[in-house]
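These are the residues of each chain, in order.
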Amino acid sequence: MRSPREQKGEPKKMGLIFFPAFDWAITPTHPEREERLLYTRDQIFEEGLMDLPEVEEYKPRLAEHKDVARVHFCIPSVEALVTEAHLIAAGSTLVLADAYMKGDITNAFALVRPPGHHSMRVAHGNRGFCNVNNEAIMVEYIRKKYGIRRVAIIDTDVHHGDGTQEIFYHDPDVLFISFHQDGRTLYPGSGFVDEQGGPKAIGRTINIPLPPETPDEGIHYVLEELVLPILKEFRPQLVVNSAGQDNHYTDPLANMRFSAQGYARLNEMLAPDIAVLEGGYAIETALPYVNCGIILAMAGLDYSNVLEPDYHPGRFSMSRTMEANITGTVEYLQGIWEAREKLTAKAVERAGPFFRRRKDIFYDTDGIRERQTESVKMCPDKGCPGYMTIDTDAARGYGHSDSGFGVFVPLFACKSCREEGREEYEAHKTDSRYNYIFFQDKNRDDYRLYSTRMHNERVY
Amino acid sequence: MLIGIDVGGTTTDAVLIDKGKTIKTSKVPTDHDHLLECLMGALDEVVREVPTEEIERVVLSTTLITNLIAEGKADPVALIIEPGPGMNHQDLTLGGEVRIVGGAIDYRGREIEPLDEDQVKKAAAALSERGYRKVAVASKFGQRNHTHEEKMREIVLRTHPEMTVEMGHRASGRLNFPRRAATAVLKAAAQERYRKFAEEVAEAISKRDIKAPIYILKADGGTLPLATSVEYPVETIFSGPAASTMGVLALTPPGQTSVVVDIGGTTTDLALILDGLPLISSKGARVDSHLTHIRAFAVKSVALGGDSRVRAEGQTVTLGPDRAGPGFCLGGPQPTPTDAMRLLNLISIGDETLAEEAMAKLGGDLGCSAGEAAQKVVDAAVEILVGEIDGMFLAWEEEPAYRVWEILQKEKIRPQNVVGVGGGSLGLVPLVAERLGAEGIIPEDAAVANAIGAAVARPTLTLSFRADTERGFYTVAEDGTTGEIRDKKLGQKEAEALAKRLIVERAERMGIGEYAREAEVTSSEVFNMVRGWATTGRILDVGMQIPAGLIPEWTGGGRG
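Chains as they are written, first to last, in full-length UniProt numbering: chain D, 1 to 460; chain P, 1 to 560.
It is possible that some hints are incorrect.
Beyond 10 angstroms from chain P on every Cβ pair, some chain D residues (computed) [what the hints assert, rightly or not]: (1) GLU35; (2) GLU341; (3) ILE361; (4) ARG369; (5) MET454.
Capping the alpha-carbon separation at 27 angstroms, the derived lysine-lysine pairs in DSSO-like fashion look like this [claimed, not checked]: (6) D/LYS66 x P/LYS410; (7) D/LYS415 x D/LYS382; (8) D/LYS102 x P/LYS410; (9) P/LYS300 x D/LYS13; (10) P/LYS410 x D/LYS59; (11) D/LYS442 x D/LYS429.
Simulated from the structure, these hints should not be mistaken for laboratory data.
We put the CB at the ideal spot given by N, CA and C, even for glycine.
Working from the sequences, and respecting the hints, build out all of it.
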């Protein structure tokens with residue numbers, strides 16, 4: 001879609017927030033530490049990128065607790081789960097979202113940390129370096145505030161964006177596409193081709209597992225053959241790049257062969273409206289160059305000279321086996337996309353009145369084991385995604401467990417789903433099996449947390 | 001006794017201060033082609049009959065460099081850059097020719113590609129043939145490793161001894177390579193003329209038997225000994241607004257938040273003093289079309305003044321940006337804001353009957369009386385100024401920040417005072433103040449506040465210290481000092497102590513050692529470098545400064 005700024009006929013301008021959180025770390029030696037964006041700062045400031053007429057630098061702000069509660073059921077509460085750094089990273093995306101929607105900028109890049117794409121709807125703690133999901137918070141803020149409906153999120157991080165996938169799994173209006181290093185070889189061990197979305201949203205989640213050592217060529221092939229044609233057909237009103245930088249050939253936590261040139265070209269091809277930084281931990285050898293390349297590409301400037309010192313074009317190539325593997329995946333997923341309407345009808349029929357699934361979720365950073373049962377009403381109203389309930393129980397070491405029950409009413413839910421959802425919430429307030437009862441009604445922008453122990457309700 | 005002289009756009013003002021009191025002032029017309037004569041003319045008027053041995057300090061500002069650059073009269077300078085990987089700098093233009101050479105240094109000062117010396121030689125030969133005698137050389141990350149810039153300089157000088165060469169890392173050590181290159185180019189372009197000017201000034205003052213030290217005012221409100229300033233010619237730009245701001249600092253109670261409003265004929269300069277500290281622009285100054293690293297006050301120039309053109313558009317009034325001439329009440333051809341203020345008795349200069357005639361004419365176009373027309377003009381002027389002042393505070397609040405605490409602590413600040421200085425339209429000041437809920441102040445010496453500011457400004461100095469203990473060295477951004485660091489676990493306290501020692505040494509080299517004890521730490525950060533889950537070293541950044549302030553001899557403005 002043409003951006004609001006393009007519709008105004010104004011010259012191109014890219015919005016940028018650089019928030020390196022130089023005073024925040026998970027722990028002093030954790031990859032997510034103060035030093036992470038230090039050399040990136042050096043490179044982009046030394047280039048003078050902030051002085052370019054094509055680039056407008058913005059100041060971050062804190063997201064409100066309500067912005068977090070719009071997406072997450074935080075246990076025990078939003079306040080307890082997020083630090084100011086999380087609110088600033090999320091808030092940065094909101095500043096850029098507003099500037100984008102007002103037409104002050106053509107596109108935007110939130111070059112911020114801490115990251116968020118492993119955070120799911122229920123958040124008990126930190127998973128995969130993430131507490132709250134920055135992209136989801138931004139997308140739901142934009143949809144509520146500006147009345148946009150169809151959004152595409154392309155997760156270009158090397159790890160499967162399992163948090164973002166989970167949050168939008170049942171939403172037919174949010175297309176989530178993630179390409180990543182094959183989950184059999186990398187955290188979080190998910191993101192396989194058969195994860196395709198809930199019954200009412202089949203094909204709106206697309207996972208593209210790639211073999212280790214896939215170079216630029218392989219990812220550009222996926223983009224050209226699969227992602228871009230799907231986007232063209234889906235016609236999103238907003239395209240978000242969940243922009244991890246750990247596909248890089250020097251990343252210490254993964255095994256891919258992507259370069260700064262590859263990343264710049266990817267952003268040029270994808271042309272996201274808003275990109276949000278996710279992972280990427282080759283803080284010296286990759287990040288300064290990758291970020292410089294992405295900024296130049298998004299600002300519409302020449303990035304051909306952004307080259308890592310040890311890189312030369314043609315350094316990495318694909319083997320026949322790798323090529324066949326990727327082509328096979330792409331062809332399979334093209335089939336799923338084309339058959340999505342039929343598959344949706346079949347899945348809804350098979351599910352009966354409620355779709356249920358059980359999930360075991362592990363929080364690697366905080367060592368929490370969570371068990372969930374998710375239940376979605378298969379609403380007969382075709383345009384209604386149905387309300388959802390989640391039953392969660394999380395064990396933190398020995399003897400401590402947090403349980404909760406949440407009711408989620410989507411933005412475009414029908415009237416009866418909104419009422420039923422509300423009744424479920426009210427009914428569970430006296431259910432002593434749970435410590436916390438949550439409620440999200442996106443239509444009313446109403447978010448609540450009820451403590452069954454303290455008998456009090458917080459309204460966000 | 002202290003002497004301050006400020007060269008302004010139209011007049012050159014001087015003051016003689018004794019024991020916190022301005023005892024003599026003078027104003028002479030500014031002639032930009034004969035700056036020395038203006039300076040001496042203004043000086044002679046205030047020192048007449050004063051025993052020269054009682055003069056303790058002479059501070060002057062100059063528009064020499066500002067005008068040289070604005071009029072394109074500075075010397076042509078070519079630029080040789082070593083950009084390395086990153087942005088394409090093919091189209092970089094800084095006035096003269098730009099040559100690109102191979103070689104690269106990275107963000108930690110490591111050589112990632114040797115300098116292509118052959119290309120440097122060829123570039124120098126070509127530039128010499130094109131008639132260039134001044135060259136600036138700049139390498140990306142040259143401030144973190146000077147060797148390539150030094151090599152470039154050496155090659156150019158060896159092959160073309162007639163050339164002079166300026167290096168990027170000597171112009172500034174801050175990040176931002178295009179700004180460093182531009183600053184080096186401007187320095188090369190201005191230095192020769194400036195040196196000549198400084199020598200003439202020194203000679204002229206010594207001829208008057210004045211033996212007091214002579215200082216020059218910089219854009220950041222600080223002073224530098226005249227002799228030292230030859231190394232920093234470009235820092236003397238924009239000293240006019242700096243002088244006015246320092247004047248307001250001197251003439252208002254300490255520690256307050258004020259807006260400085262200097263209304264001239266066609267422009268108004270606005271500056272901010274926050275809790276007693278003049279606000280420095282977070283990035284360097286824009287000089288002509290060049291973005292530089294030169295520290296300057298955050299000054300906003302608004303195209304509005306007493307002589308601005310007044311237009312009737314329907315029933316509303318628009319002002320500026322062009323000049324209509326002096327006010328009708330002062331014999332000018334057309335109605336101006338000066339006439340409006342005269343009619344409303346906000347100022348007392350000019351002929352009241354003529355002012356009324358001018359406003360009656362404007363009222364005719366607007367369909368209202370002369371008095372109503374005058375009110376509309378004044379309202380429009382106040383509206384513009386209030387909007388611009390709000391915008392400045394907002395811009396300050398919206399400055400990007402890179403740390404959690406910076407985002408959390410930045411609060412909304414609004415001015416306590418609106419202080420009017422300069423010649424003309426001071427009548428607007430109380431009205432602007434009222435709109436902002438602040439106190440309007442017009443100091444007794446408002447007309448020469450700029451010269452007072454120059455007279456009592458103290459030196460400023462910055463120092464950006466950066467240690468990389470893994471690589472075992474530190475650098476000082478401002479002057480390229482480097483040194484060895486053996487302790488991989490160098491602590492923050494030790495780093496700050498080292499930075500403090502370095503700023504004292506730097507102050508002494510610059511002839512302002514007596515102010516070094518005023519140096520304060522402005523930022524201090526430690527980054528643990530972790531490789532493979534083990535700490536391998538630290539990067540320590542310490543920023544220090546002697547901020548803009550007043551010399552202790554100043555006892556005026558309630559400080560005595």
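Hint check:
Some Cβ of chain P comes within 10 angstroms of the Cβ of D/GLU35; the nearest lies about 5 angstroms off, and the non-interface call is violated. Here D/GLU341 stays apart from chain P, with its beta-carbon at least about 46 angstroms from theirs, past the 10 angstroms limit. No Cβ of chain P approaches the Cβ of D/ILE361 within 10 angstroms, the least distance being about 26 angstroms, so the stated non-interface status holds. With 10 angstroms as the threshold on Cβ separation, the claim that D/ARG369 sits away from chain P holds: the shortest Cβ distance comes to roughly 25 angstroms.
Every beta carbon of chain P lies more than 10 angstroms from that of D/MET454, the smallest distance being close to 29 angstroms; the non-interface claim holds. In summary, the hint linking D/LYS66 to P/LYS410 is supported, as the alpha carbons are separated by about 22 angstroms, within the 27 angstroms threshold. The suggested pairing of D/LYS415 with D/LYS382 holds, with an alpha-carbon distance near 13 angstroms, which does not exceed 27 angstroms. The hinted pair formed by D/LYS102 and P/LYS410 meets the criterion: a straight-line CA distance of about 25 angstroms does not exceed 27 angstroms.
The straight-line distance between the Cα atoms of P/LYS300 and D/LYS13 is roughly 24 angstroms, inside the 27 angstroms bound, and the hint therefore holds. Among the hinted pairs, P/LYS410 with D/LYS59 is consistent with the structure: their alpha-carbon atoms are about 11 angstroms apart, no more than 27 angstroms. As the CA atoms of D/LYS442 and D/LYS429 are separated by approximately 20 angstroms, the hinted pair is consistent with the 27 angstroms bound.
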